[in-house]
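S.K.: Make the full structure from the sequences, and use the hints.
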Amino acid sequence: MPAFDAGPQRIRQRGERTFRMKTLASFLAGRWCTAERDFRILLDPSTEEPLARASSAGADLAGALAWARERGGPALRALSFGQRGELLKGLSKRLREHRAELLELSRANNGATESDGAFDVDGGGGTLAFYGALGLALGERRWLVDGDGLQLGKTEAFWTRHALVPRQGVALHVNAFNFPAWGFAEKFACSLLAGVPAIVKPATATALVAHRMAELMLESGLLPEGALQLLVGATGDLVDRLGAQDVLAFTGSAATARALRGRPNLAAASVRVNVEADSLNAAVLGPDAAPGSPAFDSFVR
Numbered sequence: 002m003p004a005f006d007a008g009p010q011r012i013r014q015r016g017e018r019t020f021r022m023k024t025l026a027s028f029l030a031g032r033w034c035t036a037e038r039d040f041r042i043l044l045d046p047s048t049e050e051p052l053a054r055a056s057s058a059g060a061d062l063a064g065a066l067a068w069a070r071e072r073g074g075p076a077l078r079a080l081s082f083g084q085r086g087e088l089l090k091g092l093s094k095r096l097r098e099h100r101a102e103l104l105e106l107s108r109a110n111n112g113a114t115e116s117d118g119a120f121d122v123d124g125g126g127g128t129l130a131f132y133g134a135l136g137l138a139l140g141e142r143r144w145l146v147d148g149d150g151l152q153l154g155k156t157e158a159f160w161t162r163h164a165l166v167p168r169q170g171v172a173l174h175v176n177a178f179n180f181p182a183w184g185f186a187e188k189f190a191c192s193l194l195a196g197v198p199a200i201v202k203p204a205t206a207t208a209l210v211a212h213r214m215a216e217l218m219l220e221s222g223l224l225p226e227g228a229l230q231l232l233v234g235a236t237g238d239l240v241d242r243l244g245a246q247d248v249l250a251f252t253g254s255a256a257t258a259r260a261l262r263g264r265p266n267l268a269a270a271s272v273r274v275n276v277e278a279d280s281l282n283a284a285v286l287g288p289d290a291a292p293g294s295p296a297f298d299s300f301v302r
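In my numbering, the protein residues as written are 2 to 302.
No wet-lab data here; the hints were simulated from the structure. All the given hints hold, so there is nothing to weed out.
Distance condition first, Cα-Cα at most 20 angstroms in a straight line; then the derived SDA-like pairs of lysine to any residue:
no., residue 1, residue 2
1, K90, G127
2, K94, P225
3, K94, S221
4, K90, L137
5, K90, E226
M.R.: Given below as C-alpha cells:
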C-alpha cells in the first residue's frame, strides 16, 4: 500500500507546486496502513488551508512492538557499530538527494521560511551523518567496555568490568512540532547506532516532513526489517505497552511529560524515559509592522 491513500482529495496551488489533500499512512509491522476514522487535519499555517489528514485509529500497536522487538532488534544487534554508521551515512545522503522536496513540505506545513526550513532539514541530515561518523570510528565492535575493570576480592579471581550493550526492546520517539526533521533524526540516529529499533511518532500538526523522511528511508532499502516504524496520529495505548527493556524519548510540553512519567507501567518496570520539555521558540510580529516596513522585511527574510 502506498504511504498516501488516494482517499478524499482536494487540489490546491502553492506557488509553482500543486498540493493534493492526502491521507497519511503509518508504517507498522512491515506495511503501510491507513486509518478510516478519527482524522486530524494538517494545515498550511500561513493560509489555514488543509494539506493532509492523519489518524492512528485501528493501528496494530501490539504488533508494531512485537515486530520491533522480534525483527528489528536482532537485526540491528547483529551489525557492528561501523555497519550501523554506514547505514546512517547512507540515510543522510538519501535526505540530501531530496532536500528541495523536504524544504517545500516544510514551507507548506510548517510555515517556515527557506532559511528556517533549511536549518531543520539540513540539521536532520547532518545529524545522521555525524552519528554515522561516530559509528565508523567505533569500528567492528558490537558493544562497548566501560572503564578498565576493578578487582573486588583479595585475588584477581573476583574481578568486575562493565559492558555497554544494546537494550532488547524498542525506542518510542514522540517528537515535537517545531523541528520535524531534526527532531526525528537526532533521536533515530542515537537509537540505530545503539542497536535499538525505533517507532517514530511525529507531532501531527507538522507531520508532512517527518512522514516523507520515513518514506525516503524505508524506500532506500538500507534499513534492516523492523529497524524503523512510523506512527501518524495519536499514540493510543502504545506508551502503556512499554516494558523494562524499552525506552521512551519525548520532546514537548512539561505538562505532557509529567503525565507520561506518571504512567503506572513506566514506574513499575523502571522504563527509561528521556524528556526535553518546554523548549519552545517563538517570534511575534506586531500589527503595526506593515508589509514593506523594515520590521516586516526582517521578520520574513
